[in-house]
Amino acid sequence: QNKSSISGKLIDESGQPLPGAYIGIMGSSTGTNSDANGNYKLTGIANGSVTLQVKFIGYKDLQRTINLIGDFVANFVMQPESTALTEVVVIGYGSQQKKDHTGSISTVNAKDFQKGSITTPEQLISGKMAGVNVVSNGGSPGSGSVIRIRGGASLSASNDPLIVIDGVPLSNDVIAGAANPLNLINPNDIATFTVLKDAAATAIYGSRASNGVVLITTKKGEEGKPKINFSSQLSVYEVGKKLDVLTAEEFRTYVNTNGNDAQKAMLGSTSTNWQNEVYQTAIGADNNLSIAGSWKQMPYRLSGGYLSQKGVLVTDKLNRSTVALNLSPSFLDKHLKVDLNLKGAFSNTRFANQSAIGAAAAFDPTQSVNVTNQYGNYFEWTTTANGVTTLNPNASRNPVGLLQMKADESKVQRSYGNIQLDYQMPFVAGLRANLNLGYDVSKGEGTVFVPAEAAQSYAVGGVNNEYKQKVNNKVGEFYLNYAKDFKSIKSTINATAGYGYYDFLTTKYLYASHKANGDVVSGSEPSFPFDKPQARLISYYGRFIYSYDSKYTLAGSLRNDGSSKYAPENRWGLFPSLAFTWRINQENFLKSSKSISDLKLRLSYGSTGQQDGIPYYSYLPVYSYSVAAASYQFGNTFYQMSSPAAYDSSIKWEQTDTYNAGIDYGFADNRITGAVDVYYKKTKDLLNNIPIAPGSNFTNEIITNVGNVENKGVEFSINAAAIRNKTTNWDLGFNITYNDNKITNLTAIDNPDYAGAPTGAITGGTGNKIQINSVNYPTNSFYVYKQIYQDGKPVEGLYEDLSGDGVINEKDLYRYKSSNPKVIMGFNTQFTHKKWSVSAVLRANIGNYMYNNLAAGLGVKNNILNPVGYLGNSTTEIYRSNFINNQYQSDYYLQNASFLRMDNLGLTYNVGHVLGADKTANLRINANCQNVFVVTKYNGQDPEIYTGIDNNFYPRPKTFVLGVNLDF
Amino acid sequence: CSNDLNLTPTNATTADAAYANAQGYKQVLAKVYGSYAVTGNEGPDAASGDVKGIDQGTSDFMRMFWSVQELSTEEAAIVWNDPGVQDFHVMNWSSGNVMLLGLYSRSLYQITVCNEFLRESTDEKLASRKITGTDADEIRYYRAEARFLRAFQYWVLMDLFGSPSFVTENDPIGKFTPPQIKRAELFGYIESELKAIEPLLKAPKQNEYGRVDQAGAWALLARMYLNSEVYLGAGKGKFNDAVTYAQKVIASSYSLNPAYKNLFLGDNDKNNPETILAIAYDGVNSQNWGGTTYLINAAVSGAMNPPEFGIPSGGWSGIRSTKNLPLLFPDYSGNTDKRAIFFGSNIEMNDLLVYTDGLAVGKFSNITSTNQTPPSPNGQYASTDFPLFRLAEIYLTYAEAVKRGATNGSEATALQYLNQLRSRAFGNASGNISSYTLDYILDERGRELYWEGFRRSDLVRFNKFTSDAYVWPWKGGVKDGKGVEAYRVLYPIPSSVLVSNPAMEQNTGY
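One line per chain: the protein sequences are H and F, in this order. Every position in the first sequence, counted from 1, becomes a number in the working numbering once 943 is added. Every position in the second sequence, counted from 1, becomes a number in the working numbering once 661 is added.
Keep in mind the hints are simulated off the structure, nothing from the lab. Backbone N, C-alpha and C fix where the C-beta goes; we use that ideal spot for every residue, glycine too. Keep in mind that a hint or two might mislead.
What the hints assert, rightly or not - Label pairs and their calculated CB-CB ranges:
(1) V1089/H x R801/F: 52 to 62 Å
(2) N1032/F x D1462/H: 21 to 31 Å
(3) P991/F x T1200/H: 56 to 66 Å
(4) S1470/H x N1032/F: 28 to 38 Å
(5) L861/F x E1352/H: 54 to 64 Å
(6) A1130/F x D1744/H: 21 to 31 Å
(7) A1130/F x I1731/H: 30 to 40 Å
(8) L1517/H x F837/F: 28 to 38 Å
(9) I1731/H x A1147/F: 27 to 37 Å
(10) N1651/H x L1099/F: 52 to 62 Å
(11) E1352/H x T675/F: 32 to 42 Å
(12) N1651/H x F837/F: 17 to 27 Å
(13) D1462/H x T675/F: 34 to 44 Å
(14) R801/F x N1719/H: 47 to 57 Å
Here chain H stands alone, though its shape is the one from the complex (with noise of 0.2 Å):
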């Protein structure tokens, strides 16, 4: 009798039913789905006020508080969501309304995220923003990618971006065991993405935010009943391309054409297609399953996360567990805002011998695997003299028994987390108190094996070592935020001011190194039973935003960072940042504009720091011992040396300037959206490795804060829903960015003559550089001779002499092309018809140049036919150089490798409601294809490959992946 029903219809704004949205009473796990006609029912209610609640998905909230005294209908009538423009985004410290915010700021919600097999969170963003560039390692499970945010804008210290979990700042440290640390992070926990790439948006983060920063929210609980997600991936990994090397016919060809008697006796007479024998077809799964609702008013979100995976190269294989739990109650009527976040993960990897794959590039392919010898049975290139055979320690090893005769594997443990308590003050409306205190620790330990039969160890009797490392960061943060509305003069201000301590402490253990049968190999005894690097950063910051008739924002921010790295006089470095926003479309002459409806101006400058890649205590005069491996013998007796360190007292911050131009746009009611930006990001005192002269220190080139780099660059993107119906959606995505790169100084004292850093290290020979950092050219740009070609071949050996004196030195090296790309895009689509789903994803680099060191290395006869008593396989490229020895400096190895490669090709099919009586559950069934093609005229392993330096790179494979994703 005071119970009562409600019920009714829910549409949309065409009037079109709407099934599957959520419908319930607020403050109660009393909820239901609409039917398939768009009905719902809720029964039982007991009567009173009662406020009822409707989501779904891409449409807006509805509430509505009736009066219940008997059964009643209630239908609605729902409103999409306007795309983006209430859509709040999280900035550093705070949220803020996408049209109110003043800083470059680009976000990818979980629907939009890249699918398919995606084991590191990175990943999900690839090709989706403009000015973000994701570029993956390479194809072993779990391997991480390089992430740069408009460029880099430091040569020796990080160009990492700050990553930002749930308000908790991550340390870039590496995780002992750990492929990459962000694969201990299940994406499948990851609900946004937030890169902030202007000052405007960074520089609340002060000296760590010069390389951008990456904001991550994890899936939170929501209220109402709980609803339950499975989901189940299988997918197939196969390399696509792999390396043009020559078959075994066409080695016996040419090992019998060019060779004398003896290189012709030591062709093998089988043929074996050694790519064939490490790569193989991999298969992987990744199950997921959350349950998320609200239990007495608290909303919670757990997860579990399994996944296995193995690699395309044989024995390489990652398994993870993750577990994720969140808690959102609020106390206080509300005025106490718990949010706590609980992450784990348990990985165990085993890592290939990666060197196979060069090997299987370069190992002469008429030999066969096996033969019976003491080195496991795997052939070996031998010498025997005076009837003691020895391996020959020149030749590659073999390929199959460097990886079936490794054992790498590790175990890693990491938990990371975070309590926020958000406090709205009783007597003072629009100030909180936000207290926020974060943990991150892990635990990577791992063992190597080598048998000491072996081959890739058989001088050193095998390998059996250890190791170990536990990571401790902790994070401790508050801050006053301070928000009101003063309508009377039409003006809001947001206030933050805030505190945070951040304490890095990794505990390395150290070990003798072992042979196979546990001997200690000598020399190597730890002097000190382990390591304890610490860094603590202290941080004051401030941020003030007024905003004039929703029409003009002024915001600053203001951050004070004190970094234990430096001495105590250059300890702390400021950085501020103003902006300005117009929002143009909210003028009189543009309101009523039907095409118009946003159109924003941003202005920002802002000034940024940088210390990740110092190290921690470079300032500092210390004495350190040496190994026992590097000791001195006086007499009959070795001593461990104690030396003084290298050290630079005045290193300090580096700082980044940037200054930013932007529009956001919309148009058609926002069916059209973006934005454009200009940017010029200047970075001084940079953490540059300079020579310093010899005899003023402990060492002749040492970190310190001298040089100028300067980036600048274009962006804009573009989203448009080119079809919104009821039936069918279609929306289109694409941006592009323009990014020049150049440094402008790099030495303490202008030189003219001053070549630059050689960076860029490739294989051949001992110390061989490929790249340059000069003064007035890109980070990266290639140094090299400028080959002389005649009849379109080149002539070996034969370059031009830049610097007409008549000799071919180190001087006439010039700087030709650089690794980084000019030109990035991105492009995306998805179109829905009904049930049905497709989507795709491209991108494509233009102006990005590749160094083939694979070709250099083995593309001569003298690698062939070496003259040291073994054959090693060449890539087809010996047939168009002719070259005899290495010239590993010429241009003629670099090639233009710019590239189209579609990401991501997927289907999609809703089933609908399947399972149970009241057909309750959704499933849906996906088919992705990942890495489906790469247009390009590099005719390398891959074009993407960040340092620019195509050698022993692990294929990314294309990737086959069925996927079902239940919800109920």
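We have chain H already, so just place chain F on it with the hints.
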């Protein structure tokens, strides 16, 4: 909270703690010496060593010194493509050469470490650290030895680069620009230092193995005086001084090692009466990819039976000789003059980059005199010590100085010394001589001292380094050899030194 920002490393310490007691001083002394024997504190495979801008394994003092002294001559040529190494044999190096930068930096690095030790070992510092008595006396010897090593490295810089940067213990660490010192002035400085420490060093053979004694200072003085015309200018030779200091060494308790080959084997730190000072290497305790590990492995190929050289897993097929070296011996088979230790069958060098073109040199080996292989964790690190000064050189210096006009020695005595070397080489008197010329001395130095890091200096002194009066295969980049610019008798000041130090002026020609 700001005090929370004062953090210190776990396993490192302050200078005061490092020098707290006599043992601490000795461990820093190990660095003072060790900085020319190993490439860094963290072992040979660490990410970086003491000297930057060059591969750590290559940044070893002896590997670089040997390369610029030997690869630039008829004694050695290399097949590798490592940065800049090909420049030496074809004689087209520039100021951008990485190895020259590495060597210049290594020498000044050791000098800087010596300077630091001198700052920290003054009588006042010892007193303040309460180190007294025999401990303090021993540390005063260390001080003299640090000054010797500093003088030795200044000699290296003076010989190769002419007028290098100059720093002493009176200069600070950090923002400081070392001035350039003129070659002749540096000669005077080294001379005065060596004479000043003469009474402060231990008497010949009274020091521990690996550490220098008075004979080391005399030997370096003799070497400098022999080359004095090169350093000071024609007509400014100090050959009487060369004889004086050669005689001091000869009169001391050093004597020839009866077996020539034992001077260059894995146990040459034992029972070796001849070597005055050597860089001590050890396959276990002083691991290094340079030093004799380099010299032996690079000289041997996998096809030459590496275990016979005490490097069971080694043999890198890198360096070998041009025909001029074996042809210094009338019979280079080794059957008559046992100093000729060559391998291979192809004396001609048709391709500069093919290891088997030219004879391999087996003079240095890691095997011991009793045919044992010293311990090494990887079958490659060598334990053979590299002689910096040995008595045979002093004999040759005496003879040459007399021939160059010294009046305080005699050719008769010189012949005695030369024939002692000949008798050892031949095993009997059949190779003995009754007279000699200056050119004979150059050839005999080649036969006796080849691959020991002397050749470039010797050819410069005899005006045969750059000129076309004497050529060898691939000198000047052509197969038959040709002369090159005369300014190449000096190496250029590395360009990055000019950049970092505006006080430096480049050598003529570069």
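Unmet hints by their number, sorted upward, for this structure: Violated hint (a single one): 3; every other hint is consistent with the structure.
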